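Model the full assembly from the supplied sequences, consistent with the hints where possible.
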Amino acid sequence: MKVLFFHLMPYADLDLDYQAKYKTDWVILPNSYFDPKKGHALYNRYLDELELAAELGFDGISVNEHHQNAYGLMPSPVVMAAALARRVKTAKIAILGNAFGLRDNPLNLAEEHAMIDVLTGGRLISGMVRGIGAEYYSMGANPAFSHERFHEAHDLVVQAWTRPGPFAFEGKHYRFEYVNVWPRPYQQPHPPIWCPSLGSSETIDWASAKERRYVYIQNFSPVASVIRYLNLYRQTAERLHGYTASSEQIGWAAPIYLAASDEQARAEAKIHIERLFSKFLNLPFEMMFPPGYLSAGSLKGMRAVKRPATAGGSMTIDHLIDAGIFLCGSPDTVRKLLVDAHRKLGFQNFLANLHFATLPADLTENNLRLFAREVMPALQALSDKQWQGMETQAAE
Amino acid sequence: MNESIVDIRGAKLFLRRDGAGEPLLFLHGVQGLPGWTEALSRLAERFAVIAPDHPGFGRSDAPDWIDDVSDLAFFYLDLLDRLANGRVHIVGHSLGGWIAMAMAIRSTAHFQSLTLIDSAGINIAGVPRGDMFIGAPPELGKLLFAGEAAASRWAAQWQASPELQESYDKNRAAAAKYTWQPRLYDPRLAKWLHRIDVPTHIVWGDADWLIPPAHGEALQQQIRGAQLTLLPGVGHLCDIEAPALLAETVGSFLAELQP
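Same order as they appear, the protein sequences are chains A and B.
So for the first sequence, the numbering used here puts the first residue at 1; every next one is plus one.
So for the second sequence, the numbering used here puts the first residue at 1; every next one is plus one.
Incorrect hints may appear among the rest.
To be verified - Taking beta-carbon pairs under 10 Å as the criterion, some of the chain B residues facing chain A (in silico):
id, residue
1, R59
2, D61
3, P63
4, D67
5, A136
6, L140
7, G141
8, A173
9, A176
10, K177
11, Q181
12, P182
13, R183
14, Y185
To be verified - Coverage of chain A stretches by chain B, computed from C-beta distances (three or more under 8 Å per stretch; other residues unrestricted):
id, region
15, 200-208
16, 280-286
17, 335-349
Because the hints were derived from the structure by calculation, they are not lab data.
From a predicted model like this one, the values you see are computed outputs, not experimental measurements.
Glycine included, each C-beta is placed from N, C-alpha and C at the ideal position.
What follows is the structure, encoded as structure tokens:
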């Protein structure tokens, strides 16, 4: 299994009383709440944490894109990937993801990803996402065209990376007379494409298609959803697309906290993981799912489900651990949980979110070191030999 | 009230009709129509009212070749070519007013008159509009109405049947498609308003927080000979909040026009 360290880079110095005046830390929270001097210290601390992960033997380190909020301070993950590119010598650098279709000009992003790939000698993993609903408010992008633009931007970018240029691209949303990207990507035919998601059968249908076979990552979800969607990927590949997906095509991303004992881990993580949901990922339904962002059917489904991202303060550490959203405990506890999950699901990618919300630097470093020493080696040794297979699970 | 479906270039458009007299095409607003409203009923006492659900809204198709208000304008000009036997009073509310102006700058051949009610379509520097998408339902109610009673009555109308509940979501998705960016206006519309050459009446709720009345005043200055009437203590959805006053205000202006 490949293990990556995933960072959100939240604004950990956020005035946590902001809710007395503002209902959310997304889109409408004034940027006067951001202190550039504190931001300077945080950025450098977070980059140190990512570089430390690379030294500790993680297969990759990962950054991501969010706009105009305190939850994630990387409106351009490309900037952070570039900042990491020279010091990190062997680990993969994963941008999970960039919202190509949110851009009026996705060709710029295609160029920037190609630059990182060339600079790192082919260590870029390129994540493609639609972006969560709030970004459509922040970036003035029309959510009703979100699917169309995502697909079209993808086609444009992959063609830009793979077709000899110059050529013309004639889409509905994007039109270029000369597509001729310099530099071309280092990896051939193009950097691996990953699709992180909160759970979407539409994304799975698309990502698992025979001509794409993109890696699908289930994010921040109850373990029941992880099981459902990772198995759905394999079933969709088999039944809809007529091939057997490899275990390298699926992955799981989850927040993790480790300490010497289960009790200590819970006690240290409690306030920070609860803040992740109550203070940082505090998204009203209308911001998470603007009109047109989901199909009518998906919107109906979302209304019926209580989701961590829109549930606000009701997410206690006990609930998060019981639901399998948050993996927390001693190294033995968490290792067993992950090895068991792998036995059932066979995923060959795991993204460990070892910093969240206000978790301080010392606890984050302990968490990284403990995970790297006590859990990661066992995960990296896992292959399909330890997976029970789809049939066994179906029979259970 | 009669319900029918007309096919325009492969897209099914749902129409409600009632009343007798001069024909009046009512183009609904950005929230869509929760059925045959009291305002329509009152207009139908004096006119032959035709009220479609816009493409993408209510019971009409959502054709993928209609992307913006410019497309909607040509679509409705096609509808008028099909339906109109002579000239028609065009009454547009909110998004419907924007569509009506976009039609009128292209051709007023079928227009008897133009009535714009709390109309979207233009931007005035320094006068912000509200955001009908970002808030939860109670905040939306405050944005769209002057009074709480009308807001609750309107919210309840959409809960009346599963079909209306579905329409509510469908309408919001269509509204986003047509109005999200730039929000509720076309930066190119204002420079062509001089082309509107039919009697024009601008009607505005003076408590419209979504599209404040300054927009009505600006339209009055930009459309030749336009009259402006403010409705006191009424919000953006004046057809729901003050149906009798609205129908009387619209109807009496049209009655005074020379045929």
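Query - Hint numbers not upheld by this structure, sorted from lowest to highest - result: Hints 1, 2, 3, 7, 14, 15 and 17 contradicted; others consistent.
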